[in-house]
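Asker: Spelled out from the first residue to the last, the chains are:
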Amino acid sequence: MIEAHELTKRYGDKTAVDDISFAIAPGTVTGFLGPNGAGKSTTMRMIVGLDHPTAGTVTVNGKPYAKHRSPLSEVGALLDAKAVHSGRNARSHLRTMAATHGISTKRVDEVIEMTGLAGVARKRVGGFSLGMGQRLGIASAMLGDPRTLILDEPVNGLDPEGVQWVRQLVRLLASEGRTVFLSSHLMSEMAVTADHLLVIGRGRIIAAGPVQQVIDSVTGAAVRVRSPRATELVDLVRTDGVTVTSEEAGTLELRGITAESIGEVAAAHGIVLHELSPRSASLEEAYMSLTQDAVEYRSDAITTTASQKGEIR
Amino acid sequence: MSTLVAAREVVPVRIARPAVDARRTFPGVMRGEWIKLLSLRSTWWVLGATVAVMTLVSFAVAMSLDSMAADPLLAPGLAQIHGAEIVSGGYQIGVVTIAVLGALLITGEYSTGMIRSTLAAVPTRVPVLVAKAIALVALTAGVTAVSVALSYVVTMPKLSEYGLVPALDDARTWQVFGGTVYFLVAAALFALGVGTILRSTAGTVTVALTVLLLLPGVLGFISLDWVESIVSYLPLPAASAFLAANDTTSLGGDGLTASAGLLVIAAYAAVPLATAAVLLRRRDA
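So the protein lines, in turn, are chains F and Z.
231 is the number that the numbering used here gives to position 231 of the first sequence; each next residue is one higher, with no gaps.
Convert by adding 313 to the 1-based position in the second sequence; the result is the number in the numbering used here.
Check each hint, because a few of them may be wrong.
Unchecked claim - Computed footprint of chain Z on chain F; a stretch qualifies when at least three of its residues, placed anywhere within it, have a C-beta under 8 angstroms from a C-beta of chain Z:
id: 1; region: 49-63
id: 2; region: 86-94
id: 3; region: 100-114
id: 4; region: 267-273
FYI, nobody ran anything at the bench for these hints, they're computed from the structure.
Don't be surprised by glycine CBs; every beta carbon is placed ideally from N, CA and C.
Chain Z extracted, bound-state conformation (with noise of 0.2 angstroms):
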């Protein structure tokens, strides 16, 4: 009994234990980096440019049937377009401004310096970026599902002139909208790990929407063999082998399988953010 007096009377005068209760969990990071995503105006604006981007175009593709119909040499290729891919017709645009989330997510908070107070408040770091790709994930679903929608909607009475409207009990209408939502997944995925690797604005969009959009195009004009084999494999010819609801449409020609363009596509959002993982861990903030 007396030991134990003792014993209580050696501990000294402790701290009171903080009033503020707190502890780090994952579901705090993640609610954490909602909460930064929602109170930008920034994040609004390029889901809202996003959603009107895709109708836009998806509508002006469908009212081009008129003089593709009109047409003689184009009319017999009519019969060959599944209306999906009208619907989903604004993805490559739509690409732009998911790009721009993606990377901003990350670039915003090097160039104004947040940063330091994230991973001051996080210092293991990696779980910033897990939380920051599940927030990603989640509302570059919900737009782009938001806008094949709304492009559905308003391309209806267009398509419906020509009978294309693509039948919702056709599998082949889920794989071109299911593609292009897992595409534009992948792409903002893909910005936001580039983003972290570049830790800059400028230098990430640049990357994204070279590598994204630009070079099947500039790549197309050489006609080696190797090249072409490489062009095969970027994002958007990539993404063609399951965007395509048939294969006269492809725009890679001889490439991919649909799976394999899956898989491709995912190795272009897992790579750049594996590679981030590990700098973000290693380098200085």
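Here chain F stands alone, though its shape is the one from the complex (with noise of 0.2 angstroms):
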């Protein structure tokens, strides 16, 4: 369980996190989505205590991170793939966490052989890949065997096996009762991987939820038409609350009216339809549609593409 309550994170003038508040309940996956910038890393690393708030908190398990006496029972983090000394070898990076909880060397091993590192346990950090660092900061997020994990941004260097593995860990993790709490800029990631969202932009919460919850209220379902008599069907059904999006001649998309009531207009006025199908949008759409203001680094081509599109409303 975490719970956040107002917390504000400002460097300077800079805004990084800006007043919000949200629970993360245990036995479930959320997924922390936002661009790059958003402040999703500062919010994590606020609730492990590495950063301070400027206002508000940030609880784990009923406590501030730093009042629990086994910080590594109650959460593992993994902030950073390489929050590691470069000359030190995994397994000794591992027992150094460990030592400081007396946690056994058995353990390490075990987290060693559960995140696969077992062939390069002795070998210097400096040398691993980003995908190599990413398992040994899961195995040291999996020492203390915690209620909690926090993941900022896991699969980034993963290898297709690797994304897998980390889908079905995080999985079995949260039907264990576990709180799974893990970042990405990847909807793609998200919408296999989470049962609820916390949207992130500019330091702001844009959309919790749960994952199709989140999807519905920003696009709403669409519905896709086809037909010879497209326009006039537009002058038909537009009212109020529903918006008309056409690709090309001839196919419509709408937003804001059931497929029936589009299907009973059509009948009611004799217009021919090629094709009605009722089409619930993807993450993706819907975390553009919700980012959309709240992009910090944009880059220009998006908007060239977008404008392509010939909108009728």
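From these two lone chains plus the hints, build me the complex, please.
Answerer: As structure tokens, then:
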């Protein structure tokens, strides 16, 4: 359980995290989604006490992280793949962490085995690839068998097998009743891994809730219609709250109206429909529309592509 | 009875308590810091270099006795020398490697990002600094004691030619040997404190070596009264107050008594460390 209350972090006059409140429930995988620079890492660093909040509080399992007698059994955190001394080997690194909590060497070897690092455990971390660094980070997060896991971009740099493995691992950990909080800027990853979403942009929470609900709340369910008399149909169905977009002649995408109503209107006016299919927006679309105004570093190309779409309203 | 049963039913499904037995303790933090020190090659390099350099310098100083005896101007000075000063003659060089050791102990964590793992495991933070200081004291005391012992052995043949082998039942001998260990331990702690404040290896080594070694030489050219009294409070002149076996060889001249020197040196270790502890707690990692 992670609870943030009016959490704020400012660096000089730049506000990284702006008065956010949220609660992350045990037994679920909660995705923390946002563009680069949105405040994801800063929030996670405040949860484990590395950064001090400018205002507000954040607790883990009921207490501020630093107040726990045994922090590593409460929270396992992967904040930075390479928060490791590059001159030390992987096993020694884990042993230094384990020693602080009196965790046995047997457990160290267990997490090495679990994360598939057995072959490189005695190699110096300096020579590790990004993916191996991620595995080591996950191994150290798992050391204390924690009730809560915080993983910042855990699939970054992993190969497909590794991505699959992280996905299964977090699902398993959540099914055991643990709290799993993982960040990503990859919506596709979130769509298959997370139960809940917390979407952040420019330091503020833009949306929160179960994945499907977040998607629906943003885009609403869309209905795709193909008809030779599309323009006519548009005039008939367009009322308040209905938006219509069209990418090619004769094809419409309508939001804010059900497929049933469109079918009835079409039938009443004798308009032939070649296609009438309700379709749910993807998380990616939801994400784009959510974070449109909250992207810190925007590339110009995106706007050009978007403007090529004809839009009828 | 029935209320008990009812109460039990309300309890939500509990997460199986972790199978891993874990509890943060200070001895644990201490052990963690030991493993950190001993599992880095750089530690062994620095320790080896310290022993080698200190022993070599004392050996070289002992060998230069010959030319000193041959020089009619310097020969009378020979009688003033206490053999213990020659044995521990490498401390001014040893302070370089020891300061690097103290600096790396913390700046190595900042430069690699390890500090975030360290502080996540010990979020109260100050115990980490205390454990590092204790480990550093033990290691520095050990390695300088070894260096002095080795220097004693390698200089013995030459010193015996001049009857200068320091007597082990002479209090002066132990004052110089003990003072050498004390000074180098303090220098290591000074570097640790400065390193925690500055968080950068290059900056820390520069500051540490400037204060520990270079300043007395630089300021020595300025013959203002107030500069001269500052100089006597710098680490090297202050240390010479208890490292010189007899009064004529002390560097700082008019400055400090032996016990004042000990206190000044202790302050060089304590003040940066105390500042570091406050900053470590307060700053973002």
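Asker: If a hint holds in the structure, say so; if it doesn't, say that too.
Answerer: Quick rundown of the hints versus the structure:
1. 49-63: This one holds; 4 residues, not fewer than the three required, reach chain Z with a Cβ under 8 angstroms.
2. 86-94: Coverage by chain Z holds here, the residue count being 6 at a Cβ distance below 8 angstroms.
3. 100-114: Per the Cβ count (6), the hint holds.
4. 267-273: violated (count 0)
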